[in-house]
Amino acid sequence: MITTNFESNGEINVNERSTNFSAKELVELESYITDIWQFLPLPIAYLTPIGVIVDADEAFEKFLGQPKDKIIGSLLTDLCQQHGEIIQIQKETFEKDQVKNCECTLTIKEKKEIPVSISTLVRKDESGEAIGYFIAFVDLTEQKLSEEKYRAAVEQSVESIYILDYETKQVLEANTSLQDILGYTGKELKQLTVYDFVAHPRQDIDTKIDEVIKKKRVHLGERHYRRKDGSLVDVEVSASHITYGSKKAISVVSRNITERKKAEQDIKRSLNALEETIESTIEAMARVVETRDPYTAGHQRRVANLAYAIAKEMNLPEKQINGIKMASLIHDVGKLYVPAEILVKPTKLTEIEFGMVKTHPQVGYEILKTIKFPWPVADIILQHHERFNGSGYLQGLTNKDILLEARILAIADVVEAMSSHRPYRPARGMKATLEEIENNKGILYDPEIANICIKLFKEKNFEFDLKID
Amino acid sequence: MLTKEDADKAAKITGKARGAVFQTDAEYIKRKCGPDGINKAKALLKQLGYPIEYSNINALDWYPLGLRLISFLAFKEIFEWQEADFKNMGNEAPKYSFIVKLMMKFFISPRIAFSHAPDYWVKHYSVGVLEATEFNEEKNYAITRLKDFNVHSIYCRYLEGYFQKLFQLMLPNKNVKIKETKCVFSNDDYHEFRVEWRN
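Residue numbers (this note's numbering), protein chains in the order written: chain F, 1 to 469; chain R, 1 to 199.
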């Protein structure tokens, strides 16, 4: 260990050996040490064991608001009012060799209160005897102000915000909003773990917490909390991994969505009621059509029955299935404008008469296009006589240019019509009907839909029923 | 008035002093008299043929003791200092001395520090012997003797202030007083300083 017993010629004795440092080197050492003191950005001082300041940097002068010549030679306890705290820190310094980040508030120059973090480090001589210590201050004023602002924001937030200890899962902090939601006081909450109020299996909670740790930030979505009275509350939760002091922690933000969920359910009920109304209206329209043409009484419903079954077999989205069903129920509404005599004529129609019948998709489209259905009902009806190879009417659309719903309706319409009596011909029977579909799939009819239709009859024993699921 | 002859005579004094003591002088002059004060001192020293560039002084280098005395005489001339002013300068010096900071390990207690007084002296001066003559903790006084150090009476005042501050650093809650009880310039064989402290 280098001693400071340097001789007058500048030698430093190291143990029994003599190491010659030149005067220049000693000067450089002095310059180095001086520069360090001048450079230090934190208020730092060096004190004797009894607390007399013997050296301090410029930042220390500014911190205390006193010139260096007033500081050097003074006791630190003479420069601030917190004698007890300083003496305690000094005592701990010599017991533990250092103190790290001890927070307290210093009153300086009789007025100014400064929140500070104090760290110290003892210096010892070669025999291990403490010969002095460094003390450094970090002014926490700005940090505390920021903390206050954030604390106010968190405390007054409408969202529930709380912090969990990752290891123990205990609540470390919780704002007023969470207390209000769960019905616990702040003190009670801090005695709880997350398992006490999150109404999910423990393993699920642990998995979610680990996910947060891994991904740093996770939106956990809709969850349930259990109130103090045992009732449940719906919440939407996001969480992030934070450090709380030295602890690994989770910060959780929750929003009470109970009211929103209730509103959603109300809307859903309203929508359901609205859909029922629409369905009833459509059914009423279907009956209007059928009263004019007794041969097609029940036709639309049976077509809807089959089209619905095909759509379900294809695993289409529920909304699309409903659209197919609704469009099928009134696909012949355009026939309202076809004279009843033509509809029930027992012989073959003339070209003019057939031309009038062929207008019914367009007429149906015109009737329905202004009604804001949640499905493309008007377009489905307009296209339900289009054929896969473009030989249909009215637009001569082909293949996938025809709406899927219309392609399904087309097959269902043909199957029902061919297998039913008409005034101008008898029913062809299901076997012949399915042969017609089989023979013309890919030509007149979408092959995939045709196969499903055939399968429904042959493998799943589909039967026409006036009742639709 | 300080003449060239006075300066030449002072320059003949044997012995060396560490740069640290020159540095503390400059620090004191700057604080007390401003940058203008130190410039005036430098100008006079240059005029006398003994220039000192204080910014180039290194704390651990040796410099002629006579040069130190010349600078003291220059301060006396320019600032019209009395003996008390030199005592004040000595009193402030330990606060800024690099060597004092290096020696802080001895400042654990007054007794230990006092016992290292001779060691402390040789770090600063190549002439003279400082003795830790007596330390009486019960009666709160200490006596130190400086032998073979014949510089100038104003240097004695400087040393009075210096020793007083060193004791003050070790006894911050005490009222420390010092008096030179023997002086070679009073025909004594050595300098003797008695330090007393009270609550």
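Heads up, a few of these hints could be off.
Unchecked claim - Chain F is faced by these chain R residues, among others (derived, beta-carbon under 7 angstroms): (1) K9; (2) K101; (3) M104; (4) P172.
What the hints assert, rightly or not - Quick list of in silico lysine to any residue cross-link-like pairs, SDA-like style, CA-CA up to 20 angstroms: (5) R:K101 / R:F22; (6) F:K68 / R:T133; (7) F:K91 / R:P172.
What the hints contain is simulated information worked out from the structure, not anything from laboratory work.
In this text, a Cβ means the ideal position worked out from N, Cα and C, and glycines have one as well.
Do the hints match the structure? See the list:
1. K9: With a minimum Cβ separation of about 25 angstroms from chain F (threshold 7 angstroms), the hint on R:K9 is violated.
2. K101: Holds. Min distance 5 angstroms.
3. M104: holds, 5 angstroms
4. P172: holds, 5 angstroms
5. R:K101 / R:F22: Distance of about 16 angstroms is within 20 angstroms: holds.
6. F:K68 / R:T133: violated, 33 angstroms
7. F:K91 / R:P172: holds, 18 angstroms
Hints 1, 6, counting from the list given before, are not met by this structure.
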